[in-house]
Amino acid sequence: MSSFPRLKTGAVVQYPATRTVGYATEVFRFLDGAEQRYRARGSETRRWVIRLELLDETELAALEEFFESMEGAFGRFAFEDPWDGKQYPDCSLEGDEFEAEMLGETRAKTSLVVRENRS
Amino acid sequence: MAYFPQIAQFPGTRRVRRRTVGSEAMDGSIVKYADSGAGEIEWELSYAGLTDQEWGAIRELFEACEGRLETFTFVDPFANLLKSSEDLGAAVWLKDAGLGLAAGIADPLGGSGATRITNQGAEARAIWQELPAPASFRYAVSAYARCDAGARLTLFAEAGATKASKEFAIGPEWRRIVHSAQPGGTEEEVQFGVIVPGGAAVDVFGLQVEAQPGASAYKRSGAGGVYVNARFAEDVLTVNTDGPGLNSARVRIRTAG
Numbered sequence: 001m002s003s004f005p006r007l008k009t010g011a012v013v014q015y016p017a018t019r020t021v022g023y024a025t026e027v028f029r030f031l032d033g034a035e036q037r038y039r040a041r042g043s044e045t046r047r048w049v050i051r052l053e054l055l056d057e058t059e060l061a062a063l064e065e066f067f068e069s070m071e072g073a074f075g076r077f078a079f080e081d082p083w084d085g086k087q088y089p090d091c092s093l094e095g096d097e098f099e100a101e102m103l104g105e106t107r108a109k110t111s112l113v114v115r116e117n118r119s
Numbered sequence: 001m002a003y004f005p006q007i008a009q010f011p012g013t014r015r016v017r018r019r020t021v022g023s024e025a026m027d028g029s030i031v032k033y034a035d036s037g038a039g040e041i042e043w044e045l046s047y048a049g050l051t052d053q054e055w056g057a058i059r060e061l062f063e064a065c066e067g068r069l070e071t072f073t074f075v076d077p078f079a080n081l082l083k084s085s086e087d088l089g090a091a092v093w094l095k096d097a098g099l100g101l102a103a104g105i106a107d108p109l110g111g112s113g114a115t116r117i118t119n120q121g122a123e124a125r126a127i128w129q130e131l132p133a134p135a136s137f138r139y140a141v142s143a144y145a146r147c148d149a150g151a152r153l154t155l156f157a158e159a160g161a162t163k164a165s166k167e168f169a170i171g172p173e174w175r176r177i178v179h180s181a182q183p184g185g186t187e188e189e190v191q192f193g194v195i196v197p198g199g200a201a202v203d204v205f206g207l208q209v210e211a212q213p214g215a216s217a218y219k220r221s222g223a224g225g226v227y228v229n230a231r232f233a234e235d236v237l238t239v240n241t242d243g244p245g246l247n248s249a250r251v252r253i254r255t256a257g
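Here the protein sequences come in this chain order: A and B. Residues in the first sequence are numbered from 1 upward in steps of one, following our numbering. Residues in the second sequence are numbered from 1 upward in steps of one, following our numbering.
Excised from the complex, chain A in its bound form (with noise of 0.2 angstroms):
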């Protein structure tokens, strides 16, 4: 399985990073102001934002060879969380467009959203 891809320096994400973790909790509420919740998913799933500032032409390209390679959204990859190193083995990008601005000579950036498959 595919892996996302690391800069030169070995590092996957830049600062600032955010890293999301969400649960799907289902509420009803009753006329008497009694609830009752449920889970709706069975575990909670993780997103990872990813915001890269001066990547130089390298970094650029092979950022945007793995977008194709995984078809944007479509395909599936292992992620390593750059927090803890714990590896999520089944994940996708989150959009189908991937944003290049090209500021300079090696001052690329872009902005790439991980996120964690329910299967």
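It is worth saying that the hints were derived from the structure and are not from the lab. Just so we're clear, the structure is a prediction, and the values are computed from it rather than from any experiment. A virtual CB, placed ideally from N, CA and C, is assigned to each residue, including glycine. Don't take every hint at face value.
Stated by the list, open to error - Cβ-to-Cβ under 8 angstroms is the rule here; a few derived chain B residues that face chain A:
id, residue
1, R15
2, D27
3, G28
4, S216
5, A217
6, Y218
7, K219
Unchecked claim - What the simulated footprint calls covered on chain A by chain B, stretch by stretch (three residues with Cβ under 8 angstroms from a Cβ of chain B suffice, anywhere in the stretch; the number is not a length):
id, segment
8, 52-63
9, 77-88
Unchecked claim - Only pairs whose alpha carbons sit at most 27 angstroms apart, straight line, appear in this in silico DSSO-like list of lysine-lysine:
id, chain 1, residue 1, chain 2, residue 2
10, B, K95, B, K163
11, B, K32, A, K86
12, B, K95, B, K32
13, A, K109, A, K86
14, A, K109, B, K83
15, A, K8, A, K109
16, A, K8, B, K83
17, B, K83, B, K166
18, A, K8, A, K86
Using the hints, position chain B against chain A.
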């Protein structure tokens, strides 16, 4: 064939779009399908300080294409124009008979993407790729190369009868060689490649062609960077004249891809 003039500045934006059709269930699982025919690439080119002549070239193309109606050739100013830059055995690469290729050689970036090209004959032989790009543009042809025994390697850009080539001495250490070439003329096909001298075994990596005078960092390529069916993304082209002979504008170009 009409083509977008060789005018590019920073900043520029390139967007690659794909389409995934998905159905999400209540438990959060998703069934997905890739719609491979719906992909597209869009460039947003920002210009400042364009001369009247430079802006006129863009405007003339826009008028000739009647906005979004007709297509033109767009040479991506940010891309490695070659296809399959690390697979010299791919069908897009043409080569003279008697040239042997061995892939999987250690490359200068720490991978194994280099190729050993062995010329078993006495005469110089070439490996090249033909791109549907205008010969009037200036290109930077570059590669990393080394040869244990030392050799003189030639990079070239050839269009019709004109050939712009440059010879480089290479030794056992990796060296990045760059040839700034402008074949010239009105041809709309240009051949870019490497000539290996007779009897030499040369390791080559990172073959790259860019539509600019100098080489930037190597970009591994797959589909290349010349798009023959590009279109303007809008029917309106707006220019700001900031002073005499100073124009600024933003142009969006789109192609299937």
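Point to revise | Supplied contact hint for S216 (chain B), tested at 8 angstroms Cβ to chain A | key: holds (5 angstroms)
Point to revise | Satisfaction of hint between K86 (chain A) and K109 (chain A), Cα-Cα up to 27 angstroms | key: Satisfied, since the Cα-Cα distance of roughly 26 angstroms is no more than 27 angstroms.
Review point. Would the pair K8 (chain A) and K83 (chain B) pass a check requiring their Cα atoms to be no farther apart than 27 angstroms?
Key: Since the Cα atoms of K8 (chain A) and K83 (chain B) sit roughly 23 angstroms apart, the hinted pair holds (cutoff 27 angstroms).
Review point. With 8 angstroms as the cut and Cβ atoms as the points, is K219 (chain B) at the interface with chain A?
Key: holds (4 angstroms)
Check your understanding: Does the structure keep K8 (chain A) and K109 (chain A) at a Cα separation of 27 angstroms or less?
Key -> Given that 27 angstroms is the threshold and the Cα spacing comes to 15 angstroms, the pair holds.
Review point. Is K95 (chain B) close enough to K163 (chain B), meaning Cα to Cα at most 27 angstroms?
Key: holds (17 angstroms)
Exercise for review: Verify the interface restraint on A217 (chain B): the C-beta must sit less than 8 angstroms from at least one C-beta of chain A.
Suggested key: holds (4 angstroms)
Review point. How about the segment 77-88 of chain A: do at least three of its residues have a C-beta closer than 8 angstroms to a C-beta of chain B?
Key: violated (count 0)
Point to revise | Holds or violated: K95 (chain B) to K32 (chain B), with C-alpha atoms at most 27 angstroms apart | key: Given that 27 angstroms is the threshold and the Cα spacing comes to 41 angstroms, the pair is violated.
**Study point:** Interface hint status, Y218 (chain B) versus chain A (Cβ within 8 angstroms)
**Key:** Check passed: Cβ of Y218 (chain B) comes within 6 angstroms of chain A, closer than 8 angstroms.
Point to revise | Hint check, D27 (chain B) versus chain A [nearest Cβ-Cβ separation less than 8 angstroms] | key: holds (5 angstroms)
Check your understanding: For the segment 52-63 of chain A, do three or more residues have a beta carbon lying closer than 8 angstroms to a beta carbon of chain B?
Key -> holds (count 6)
Hints 9 and 12 from the list above are not met by this structure, while the remaining hints are.
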